[in-house]
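Chain order of the listed sequences is A and B.
Take the first sequence: its letters are residues 0 to 421, numbered as in numbering that gives the first Met the number 0.
Take the second sequence: its letters are residues 0 to 270, numbered as in numbering that gives the first Met the number 0.
These are calculated hints, taken from the structure and not from any lab test.
Be aware that one or more of the hints could be misleading.
Said to hold, decoys possible - List of simulated lysine-lysine pairs, DSS-like, C-alpha gap at most 27 angstroms:
id : chain 1 : residue 1 : chain 2 : residue 2
1  : B       : K25       : A       : K257
2  : A       : K206      : B       : K180
3  : B       : K25       : A       : K319
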Amino acid sequence: MKILVIGLNHKTADVEVREKIAFNGQKLEEGLLRIRELPGVDEAVILSTCNRVEIYSDVKDPEQASDSIISFLSDFHGIDKGVIKNALYTFSDNDAVIHLFRVASSLDSMVVGEPQILGQIKDAFEFALQKKTTGILLNRLMKKAISVAKRVRTETRIAENAVSISFAAAELARKIFTDLWEMSFMLLGAGEMAELAAKHMMSFGIKEVIVVNRTYERGCELAKEFDGRAARFEDLMKEMVHTDIIICSTGASSYVLKKDDMIRIMKERKQKPVFIIDISVPRNIDPEINDLDNVYLYDIDDLHGVVDANILERKKEAEKADLIIQEEIEGFKKWLNSLDSVPTIVAIREKAEAIKRDELERLTNRFPDLGEKERKAIEYMASAIVNKLIHPPTIALKEDSEDKEILIATIKKLYGINGDEE
Amino acid sequence: MGVLLFELSLTFYFAATIASVIELFKGSKATSRFILVFAVAGFVMHTANIVVRYISSGNLPITSLHEASSFYSWCIVLLFFYLEYRYKLDLLGPFTMPIVFILMLSSSVLPREIRPLSPILQSYWLGIHTLLAFVGNAAFAMAFGIGIMYLIQEHNLKSKHLGGLFQRLPSLQILDEVNYKLITLGFPLLTLAIITGALWAESVWGTFWRWDPKEVWSLITWFIYALVLHARLTARWRGRRAAILSIIGFISVIFTFFGVNLLLKSLHVFV
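Working from the sequences, and respecting the hints, build out all of it.
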């Protein structure tokens, strides 16, 4: 009973290799069942996402099993064994557990902290459960990985900071305004980036969308797309009086909004806060308006700065997450250790029970005249002797200790139990 | 008994303050729960302490600076619980508990004996006047904490350094809104406290107003908060300016509370 993981991810393999080795659709079921049937493999789970393909298994001998799994992968996907071997990583035992816990907690992801991976692991596990390719070891391992990931999610801030430009803009808006659905939103000019940011903003719910564009017709089209209304470019200043969030991306070569305009607008707005995102290059809005009270202006570089800082922040949180994982590993190790000794405990008890049964049978054969009462008393005594004799080794096996393997071997030898009959 | 309760509540508030510092600088999600637990534990002890003192002296325990300071922090904690429940502002605890702890610490070093109540104070005005003043000032204390939160968050957004507390501090809008609400709660209470104080003074000294330092400083405080509200309504001084004014206002509150008694000679000697 050893945990083995063989896999590759975005760090070890190019997309060409990853897509070849991925278990998509039909392939997943077939692959899973066939891996489970490989000699020496008792349980299996396949995790296949666009950034990683990993095979978790419960095997008798990790080295042998990894050879046969690699051969299988090469056969199944029709890829040269050498290519696969270069891209693969293999972990067994403790390292495999750590690896899975880190993957589930999104510490091994391309974007650290991204939440999808946990769902993908859940799906992979569910599928394996359905196909009955897992048993006691992988069931426990997968469930534990999911709970560790949840703990990391609640106890660290690993998933809290936006790591994309458009998401960062939406998050900033939520730190200025409480309820975005009470805010009106303006898309000034059109551009792919601006539209993307607008979409993100709208996913939080927005009261009203106004599209202002130099060509009014194009503005109308966009407005239809966003379920909002279009306004003429000449009315920009008027519209700004009741707009709270503005994403600007016009092709203008000079400022479309100057500080003096903004001072006037703020007066008319009765100083109600306004958040302006200028993602146009060259900038379309006078950067000095950020100095005005209640005006928050971010340009594309500012947003990039926010995202970079957030990525750094996530890295710090990842360190905390690793500490949590170390803690959880200890608990899992204990369980794993106790698992090692279970077959031995069972074997000792079976052996003792068998001896008791034989001896009792012999006794009744030799003294057929024994009364029911006497027979019961002798049986009771035999049970008591057996229990008392196997109690200390059972306790020793259940206890957590460093040299457990030696202990198991010793006890097996002392009791004359054949180790290979687990 | 009363002393033990006081020390216990001081200890719990201290624990809440330590947790607050950890929350601010380390920021694990678990600490905010600790702050609340410690604050509740401290508040329970604190309430018991006040009740014990009330029973043994027979009047509202606000007749020495020790008692008043302790009662003031009690009002702040109570108001904090209400805000916590009503608005669930992240990080409100870390910006409240240190204020509470400092007030309690000041209370703990001031003479604690229960003195016989001077005949001037034996009046129903005692309860009315002081309760109005304390609840009003508690609102100003919370407005101060929230004002600081606002300024930090505003600075984060303006300077575009979004590390540290940015993620956990609430939005500017809600901070501004709660700050405003607290001042509109505190201001009428302070006004009434000054009026009842004047009526009370008339009934014992025969004159409404004597330009006593306590009276003068209360008036200065009153003007500061009047300015906050006036500027907000007419000149639309919201956000940063309102936050700064609410900080200045609270400094004036604290000076009226301690400074006048400790540094200036006042007729309002008791508190």
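Restraint status (C-alpha distance of B/K25 to A/K319 at most 27 angstroms): 11 angstroms, holds
Distance restraint between A/K206 and B/K180, which requires alpha-carbon spacing of 27 angstroms or less: It holds: about 25 angstroms lies between the C-alpha atoms, which stays within 27 angstroms.
Restraint status (C-alpha distance of B/K25 to A/K257 at most 27 angstroms): 41 angstroms, violated
Checked against the numbered hints given earlier, the structure breaks only hint 1 and satisfies all the rest.
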